[in-house]
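Peer 1: Residue numbers (the working numbering), protein chains in the order written: chain A, 1 to 112; chain B, 1 to 113.
Derived by calculation from the structure, the hints in this document are not laboratory data.
Only a predicted model underlies this, so the values are computations on that prediction, with no experimental measurement involved.
Just to be clear, a hint being listed does not mean it is correct.
Quick list of in silico lysine to any residue cross-link-like pairs, SDA-like style, CA-CA up to 20 Å [what the hints assert, rightly or not]:
id	chain 1	residue 1	chain 2	residue 2
1	B	K5	B	K71
2	A	K62	A	R15
3	B	K38	B	T112
4	B	K38	A	N7
5	A	K44	B	T112
6	B	K56	A	E99
Here are a few chain B residues that face chain A, going by a calculated C-beta distance under 10 Å [as the list claims (entries may be wrong)]:
id	residue
7	P44
8	A70
9	G106
Note that the Cβ used here is the ideal one computed from N, Cα and C, for glycine as well.
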Amino acid sequence: NAGVMQNPRHLVRRRGQEARLRCSPMKGHSHVYWYRQLPEEGLKFMVYLQKENIIDESGMPKERFSAEFPKEGPSILRIQQVVRGDSAAYFCASSPLQETQYFGPGTRLLVL
Amino acid sequence: DQQVKQNSPSLSVQEGRISILNCDYTNSMFDYFLWYKKYPAEGPTFLISISSIKDKNEDGRFTVFLNKSAKHLSLHIVPSQPGDSAVYFCAAKNTGTASKLTFGTGTRLQVTL
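All chains should be built: construct the whole structure from the sequences, respecting the hints.
Peer 2: See below:
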């Protein structure tokens, strides 16, 4: 049973470009969560999605950031017009119901 | 406002001895707690959890203790092994109202030979 998959593992963008981060949850998991970890900090919640629905986006910046979890395909975290402060590790987690969350390996975004 | 705190950024323990990692929380609505272990360049790996209706949960070498009145939990690893060297994160959630996890800032455990 494959774990949570994230790609790309590393992403380099110049300021003003768009970043798209993908997450495929574990088989049978319909709940997806995105977290961000800045250097030397803990993980901070961004958004919680179920298939085709955003359940909780209280941790998502109001501008430039969006997330989706379509009926088919992976969940996507999209960052438009990236700035240097967006450089961080972005982790996706999934769970079968509202239970223990299992994390993917993360995408490390570097904005030049 | 840091609702989950891990006040020790690092801890060094000799192989075979006990490692004790501590975590404090301020939100009394938290009722489910988890510990994750993280190696560099990898995602957090779930270790063990505890519900607020219990005060202890054990899984092999790992035991988590919860003191609700003190809003404190701890993770005990016995015996410690070199492979346990990693960053350990404490996380908490309110199962009634939210699914999101609130994480502490982590404790880096170094198990020496």
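Peer 1: Now tell me, hint by hint, if it's right for this structure.
Peer 2: These are the hints, each one checked on the structure:
no. : hint              : in the structure
1   : K5(B) to K71(B)   : holds (11 Å)
2   : K62(A) to R15(A)  : holds (18 Å)
3   : K38(B) to T112(B) : holds (18 Å)
4   : K38(B) to N7(A)   : holds (19 Å)
5   : K44(A) to T112(B) : violated (30 Å)
6   : K56(B) to E99(A)  : holds (19 Å)
7   : P44               : holds (5 Å)
8   : A70               : violated (21 Å)
9   : G106              : holds (6 Å)
Checked against the numbered hints above, the structure violates hints 5 and 8; every other hint is satisfied.
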